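**Q** Residues per chain are reported as follows:
2 protein chains.
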Amino acid sequence: MTAMDTARGRARVAEPGEGIGLDELALATRNHGLPLEALRYDVTPPGLHYVLTHFDIPAVDPASWTLEVTGAVERPLRLTLADLQRRAPATGRVLLECAGNGRARLEPRPVSQPWLLEAVGSAEWGGTALAPLLQEARLSADAVDIVFTGADHGVERGVEQDYARGMPVAEALRPETLLAWSMNGSPLPPQHGAPLRLVVPGWYGMAQVKWLTRIEVLEEPFTGYQNATAYRLATEPGEPGEPVSRIRPRALLSPPGFPDFMTRERFLAAGPVQLSGRAWSGRAPVTRVEVSTDGGRTWADAVLSPVDPAHPWAWRAWTCTWTAEPGPAELLVRATDATGGTQPVEQEWNRQGMANTLVQRVPVTVFPPGD
Amino acid sequence: MTAMDTARGRARVAEPGEGIGLDELALATRNHGLPLEALRYDVTPPGLHYVLTHFDIPAVDPASWTLEVTGAVERPLRLTLADLQRRAPATGRVLLECAGNGRARLEPRPVSQPWLLEAVGSAEWGGTALAPLLQEARLSADAVDIVFTGADHGVERGVEQDYARGMPVAEALRPETLLAWSMNGSPLPPQHGAPLRLVVPGWYGMAQVKWLTRIEVLEEPFTGYQNATAYRLATEPGEPGEPVSRIRPRALLSPPGFPDFMTRERFLAAGPVQLSGRAWSGRAPVTRVEVSTDGGRTWADAVLSPVDPAHPWAWRAWTCTWTAEPGPAELLVRATDATGGTQPVEQEWNRQGMANTLVQRVPVTVFPPGD
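Protein chains in written order, with my numbering: chain S, 39 to 409; chain Y, 39 to 409.
No wet-lab data here; the hints were simulated from the structure.
A portion of the hints provided could be inaccurate.
[As the list claims (entries may be wrong)] Here are the computed distance ranges between Cβ atoms for each label pair:
id, chain 1, residue 1, chain 2, residue 2, range
1, Y, Glu363, S, Thr273, 42 to 48 Å
2, Y, Arg399, S, Val182, 45 to 51 Å
3, Y, Arg50, S, Pro281, 40 to 46 Å
4, S, Arg50, Y, Arg50, 24 to 30 Å
5, Y, Pro401, S, Gln173, 44 to 50 Å
[Stated by the list, open to error] Here are a few chain Y residues that sit away from chain S, every Cβ distance over 10 Å (derived from the structure):
id, residue
6, Ser102
7, Glu112
8, Asp121
9, Pro259
10, Phe260
11, Glu277
12, Val345
These numbers were taken from a predicted model, which means no experiment stands behind them.
Every residue, glycine too, gets a C-beta built ideally from N, C-alpha and C.
The following block holds chain S by itself, in its conformation from the complex (with noise of 0.2 Å):
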């Protein structure tokens, strides 16, 4: 299909001082972020969840819909709706976050879905678990990843694709990992995925297949586009890199204050201030949030709400009680999690702006009290 070989090639990276162009706009108004007032719920209401669609959200009838299960198997499947509602049910409340979060942030700028930092949630996901179905088609012994296609159709740099993402399977016979058809005690809504989604707790949002129709176990590493192309960390242009996978430590904080409509600036009174926010890591618990009210000169320890055994993969809230003094401030905030790792205040950059945890600033204008 050679007119699409126009879209072909690698990343691109925007030049310096280039503003936003009208096709990071086209994205930016299709795929929803999380407003970050919106950090105050524990569960994320519905439709204030970060979605990212690569394509379009597809029609999908759940009457005619089924779920095969096919590859190095010894008992293909093939499964509707009603077949996979009569397993074991099983529900995870799971924080996900999308690996292009912070991108536009990045100078210079990878140009693709323009996220500032709003491309996270968190939901209660129902369903089943994925390892004991794995188990009932007996997987080969020599298995290695397996692939979860969706019913989402595109191109991508000129490859015409469904989107499909290989995972070790290691990874997908976690306990955790399930096989959702409901988000927050409602059915899936179209765009996260109805009627069925992948959700693997700790993974960023490219290992959540949504529309899933297929699962193909592989007895070599997944080549596909996604795994191969999409999701790496490089730096240079050609460079294979390392491939995206768990969530890396971060926190934000709810702006405090009210805004500016245009600016989105912040003003608040001068007195005691709750600075309130969510942390959270995809490969070890949380161990420290950190806020600065000086721009990173200096930083002081917040208080973390307690780890809900109930609710390993949730993301924490934290709060530190800040006095603000008139005049203008930069607020700051770092986690980090039991693996040492923490987020960077200087950015470590990469070409297609993957995982990138660069400390949030939030700028505010403390007025005198009663002003």
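On the provided structure of chain S, position chain Y as indicated by the hints.
**A** Structure of chain Y alone, referenced to chain S:
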């Protein structure tokens, strides 16, 4: 509050060729649009309806929240949500559209929320009619405007404010004007105005006040910011301009085929293609939808779905069969309503990019069948 003065001033218009700025992007990532393939749903599923929040989504506690009816009335009222929910129920399926829809396509571009074309949605709003409540409060015979104030607070062009809009008494007293606490049969989500919002069928979104806390009856026209400064149709700086009111006619096409991730360019196979979409007007019934598949040189009538008497304020579906030949094509669609008003093929510019209904253009590449 002198610090806010930095944000004071007139709406800005972008320089020729100026890319989208980070301020516009921050609005685009906060405010949600309808991905155009979701035009397929008669009633927009949760989370796909457009949302425009001027400031932050406020945290309103429904248990302590009350609605005040005050001003030029004989019997001021204060009602809880339970009080309202004991009143006669009323529902309406209503098309809503942001007055700024299409703004980012204008040249030069008014700098504000940079909608392309996706600031629309269709919902079933449930609540109670406004008119009987106003009648119980006994409006002054001299009442002119009714002011609806929300709990959302911020600064806009230097003016600190709770979001507030005035509406002529006659519009507020229309039987279809609702105080709504549900959307598509579920409690109102936070971003759509929980616990209570106004729904005024036929008007652009600025009239649909969310997080409603106060209804004040005035015996003179309301001169607050959102009526007197924002939401005006002016071309020169300083010109007051006409107020924005009813939704002008518009048709949108659900882009056919499949997309390129980054460019959103569309690809489809040659042969008969069923084009489809929606059309609406807030002033009068839509009487005609026309489609051009040759960039606007020729137009053909689409088939409009019958008017549904149960849903006079809903959008209408339209379809049109196109025999696509291999090669590039540009698809356009335009609506006409019973006032005779239609959509311009060349832009009709105004400084704030309000109520602009420039026709949608969808470039597509048709590939030979079997390619």
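**Q** Work down the list of hints and note, for each, if the structure agrees.
**A** For each hint, the structure was consulted:
Taking 42 to 48 Å as the suggested C-beta distance range, the pair Glu363 (chain Y) and Thr273 (chain S) conforms, at roughly 45 Å. Distance hint check for Arg399 (chain Y) and Val182 (chain S): the Cβ-Cβ separation is about 47 Å, which falls inside the suggested range of 45 to 51 Å. Checking the proposed 40 to 46 Å range against Arg50 (chain Y) and Pro281 (chain S) shows it holds: the Cβ atoms sit about 43 Å from each other. At roughly 28 Å, the beta-carbon separation of Arg50 (chain S) and Arg50 (chain Y) lies within the given 24 to 30 Å, and the hint holds.
At about 49 Å, the CB distance of Pro401 (chain Y) to Gln173 (chain S) agrees with the hint of 44 to 50 Å. The Cβ of Ser102 (chain Y) lies farther than 10 Å from every Cβ of chain S, with a closest approach of about 17 Å, so its non-interface assignment holds. No Cβ of chain S comes within 10 Å of the Cβ of Glu112 (chain Y); the nearest lies about 35 Å off, and the non-interface call holds. Against the 10 Å criterion, Asp121 (chain Y) stays outside the reach of chain S, whose nearest CB is about 24 Å from its own CB.
For Pro259 (chain Y), the shortest C-beta to C-beta distance to chain S comes to about 23 Å, beyond the 10 Å cut-off, and the non-interface label holds. Listed as a non-interface residue, Phe260 (chain Y) keeps its Cβ farther than 10 Å from every Cβ of chain S; the least gap is roughly 19 Å. Remark: the non-interface label on Glu277 (chain Y) is consistent with the geometry, its nearest Cβ contact in chain S lying 20 Å away (cut-off 10 Å). Listed as a non-interface residue, Val345 (chain Y) keeps its Cβ farther than 10 Å from every Cβ of chain S; the least gap is roughly 25 Å.
In the structure shown, no violation is registered for any of the earlier numbered hints.
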